[in-house]
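Note that the protein sequences, when read in sequence, are chains A and B. Using numbering that gives the first Met the number 0, the first residue of the first sequence is number 0, and each one after it goes up by one. Using numbering that gives the first Met the number 0, the first residue of the second sequence is number 0, and each one after it goes up by one.
Derived by calculation from the structure, the hints in this document are not laboratory data. Glycine included, each C-beta is placed from N, C-alpha and C at the ideal position. Just so you know, not all the hints are guaranteed correct.
With beta-carbon atoms standing in for the labels, derived distance ranges [claimed, not checked]:
#1 B:L34 - A:V24: 43 to 53 Å
#2 B:K310 - A:E133: 54 to 64 Å
#3 A:D138 - B:A283: 39 to 49 Å
#4 A:G164 - B:K345: 55 to 65 Å
#5 B:K341 - A:E205: 31 to 41 Å
Over the 10 Å line for every Cβ pair with chain B, so calculated as not near, a few chain A residues [as the list claims (entries may be wrong)]:
#6 R15
#7 F25
#8 D262
#9 K286
#10 T315
#11 E327
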Amino acid sequence: MAVLDKVVLAHGSGGRLSRELVEQVFLKSFSNPALAPLEDAAEVKIPGATLAFTTDSYVVTPVEFPGADIGRVAVCGTVNDLAVKGARPLALSAGFILEEGFSGALLTRIAASMRRAAEEAGVKIVTGDTKVVERGKADGVFINTSGVGLIPKGRSLSSAFVKHGDVIIVSGGLADHGVAVMNARDRLGLQGGIKSDAAPLNGLTEAVLKVPGVRAMRDITRGGLATVLNEVSGACRLTAEVEENSVPVSAATRNACALLGLDPMYVANEGKIAVFTAAAAAPAALKAMRAHRYGRGAAIVGRMVKEKKPQVRLLTSIGGSRIMLMLEGEQLPRIC
Amino acid sequence: MKNSDRFSSPLWRDRALGAAAVAEMEKLAPRAAALTGGRVNFMEVCGTHTMAIAASGMRKLFPPQLKMLSGPGCPVCVTSQGDIDRVLALAELPGVIITTFGDMLKVKGSRGLDLHAMRERGADIRVVYSPLDAVELAAAEPARQVVFIGVGFETTAPVIAGAVARAKAAGLKNFSSTAFFKLVPPALELLLSDPENRIHGFMLPGHVSAIIGLEPYRFVAEKYKVPCVVTGFEPLDILTGVNMLLRQVVSGKALVEDEYFRVVRKAGNPAAQRLMAEVFTVSAASWRAIGTVPATGLEFSAAYAGFDAVKRFKIPYRDAPEPKGCLCGGILLGKALPPDCKLFGKVCTPSNAVGPCMVSSEGACAAWFKYGA
Chain A
0 MAVLDKVVLA HGSGGRLSRE LVEQVFLKSF SNPALAPLED AAEVKIPGAT
50 LAFTTDSYVV TPVEFPGADI GRVAVCGTVN DLAVKGARPL ALSAGFILEE
100 GFSGALLTRI AASMRRAAEE AGVKIVTGDT KVVERGKADG VFINTSGVGL
150 IPKGRSLSSA FVKHGDVIIV SGGLADHGVA VMNARDRLGL QGGIKSDAAP
200 LNGLTEAVLK VPGVRAMRDI TRGGLATVLN EVSGACRLTA EVEENSVPVS
250 AATRNACALL GLDPMYVANE GKIAVFTAAA AAPAALKAMR AHRYGRGAAI
300 VGRMVKEKKP QVRLLTSIGG SRIMLMLEGE QLPRIC
Chain B
0 MKNSDRFSSP LWRDRALGAA AVAEMEKLAP RAAALTGGRV NFMEVCGTHT
50 MAIAASGMRK LFPPQLKMLS GPGCPVCVTS QGDIDRVLAL AELPGVIITT
100 FGDMLKVKGS RGLDLHAMRE RGADIRVVYS PLDAVELAAA EPARQVVFIG
150 VGFETTAPVI AGAVARAKAA GLKNFSSTAF FKLVPPALEL LLSDPENRIH
200 GFMLPGHVSA IIGLEPYRFV AEKYKVPCVV TGFEPLDILT GVNMLLRQVV
250 SGKALVEDEY FRVVRKAGNP AAQRLMAEVF TVSAASWRAI GTVPATGLEF
300 SAAYAGFDAV KRFKIPYRDA PEPKGCLCGG ILLGKALPPD CKLFGKVCTP
350 SNAVGPCMVS SEGACAAWFK YGA
């Protein structure tokens, strides 16, 4: 495998290059069985219990945008990484890197937003850290959160457990978060009230896990649904077949993506999960999800099938089909 | 049907309507192919069509007699290596802010550097969504020179003309733009005048005709007897456009038809045409893989010559060779398909692109790589 030359922005895109960076640099150095599956959270066994442990850093610009802010996203992202492993969040940490001159009022708002998100998730931020760097050495505020959760006995979820014939359910409309942030960052003036979907999903995951037959859940963040499906397909060696017409995307977000030349399948979310469930359990899982406030837009979008060469395939609305690769590079707005 | 549905409605992606169009295509294609030597070659001139065809997985629906070739209509792809080098030379100027559409960031110059690499080396390069943002930036940063990288066809030229006119009206002395524009109708003439050309019909870009109308293509039908259909970008638009082309071939006609009549007016957009004519004038343009051809592009008119970035900063044009082994030239001319290139998918991928057809999100190679053959 090639040696990493220099870090480029696309290494942080959540797509193929991010994966390569992790494999070439971090897996090589840190290699251990808990890390190896590269799922949203690691399983750590202690006598009598299994813990889920995860960490994530947040560097979004602007720090406030319609529907959420960096603080809410920092809490929800980590809660969701725990939740999709079937864990109940126990405690969070929060580390702040602040740039000299950052507004105190804004920081206070961010902290309040983190508290509200944590309250909603039923978890407390129990430890933290603050560092201040000189002006120009950071961009306002960077936040890192870590989280630890308890995986109840008998629960075990992993992309590797997904089987032939399993159904893929998405919890609601995709791409709102990424489009809302881009709209705010670049002052695009897109109408339609597109808001970030950032939300703690541990309530939703608990609801769907009441249905037996759920094999895996994934948090659909950077790199979008396409990247999650490629990762799952790689882990279980099955083809993921998705019906384009079934993938929920709001009309406003779809139009915004069309205008900007973005593919909603690759745009980030902060409050959406993909659930992989046995076909027989799918109707009950869907019903359970739709009954929850963060799963009202849930929809069955496709299924997993055994094939010689596993791939991610999109059955297009017009009746054609094509592959869906992992995100290559960054998503760039097009010329015309 | 609501008015907005005319432009963006699930109906344009409807499976039953798509199946009906494909059924008609399956009847027409063999009849057309019988008249064209066994295979019908249509060219989608524009990169937006290339991408739409690939993204909708439509290639698998086409009958075997029909081949859709990608044409020279992707703004990044047709920009010559020499002009890319001029963009990079502008980025090297101290104190200059380069503003550009995102697509241009990753096109490599002949020294193997792209704007991304220039940014890592400290150049100030900013992606904008509209050239008007670049004009605003110039107004906000009077001590800096702001250069917009103007490339593209009749779709981008009027917007950039508008931005330049606004900069002039505001008396901005620190804004300029490149004018590496190409024109679609002369590009078709270039293809048609090639004796090896085997194109039996052109699918023409709807958004270009929204500006220029239908008239500029008349010579294609009359002089070269090749059918033309101005087509929209939704899947059903494209299937309908193909069928309209097939019907022309079957009936032995060559016309300029308009599938995208919900947007395109016969005379185009006169206000945009006036703006383009005021700010720009028809000139020679340097095309990738083709070379410099008279009267195929636009440059600044005398009244706006002061806004020409390459003149202001005295950046000369030098011919530069194509990347080694790269088939982009043949692909742009419809003579090769991306998988014909030895570099395709191996050495050349979107994150490490050799040629511009892989760089641009509208490029034929990027479309084939991303969505599969």
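With 10 Å as the threshold, tell me whether K286 (chain A) passes as away from chain B on beta-carbon distances. 25 Å, holds
That 31 to 41 Å hint for K341 (chain B) and E205 (chain A) (C-beta), does it hold up? At roughly 54 Å between Cβ atoms, E205 (chain A) and K341 (chain B) fall outside 31 to 41 Å, so the hint is violated.
Does the no-contact call for F25 (chain A) survive, Cβ to all of chain B over 10 Å? Its Cβ never comes within 10 Å of chain B, the nearest being 19 Å, so this holds.
Take a look at whether the Cβ-Cβ distance between D138 (chain A) and A283 (chain B) falls inside 39 to 49 Å. Since the Cβ atoms of D138 (chain A) and A283 (chain B) sit about 45 Å apart, the hinted range of 39 to 49 Å holds.
Can we confirm that no CB of chain B comes within 10 Å of the CB of T315 (chain A)? 4 Å, violated
Given the hint of 55 to 65 Å, check if G164 (chain A) and K345 (chain B) actually sit that far apart at their C-beta atoms. 35 Å, violated
So is D262 (chain A) really clear of chain B, every C-beta pair being over 10 Å apart? Given a closest Cβ separation of 8 Å, the condition is violated.
Status of the given 54 to 64 Å range, CB of E133 (chain A) versus CB of K310 (chain B): 41 Å, violated
With d taken as the least Cβ-Cβ distance between E327 (chain A) and chain B, does d exceed 10 Å? Given that some Cβ of chain B is not farther than 10 Å from that of E327 (chain A), nearest at about 4 Å, it is violated.
L34 (chain B) paired with V24 (chain A), Cβ distance criterion 43 to 53 Å: 60 Å, violated
Over 10 Å to the closest beta carbon of chain B is the bar; see if R15 (chain A) clears it. 7 Å, violated
When each numbered hint is compared with the structure, violations occur for hints 1, 2, 4, 5, 6, 8, 10 and 11.
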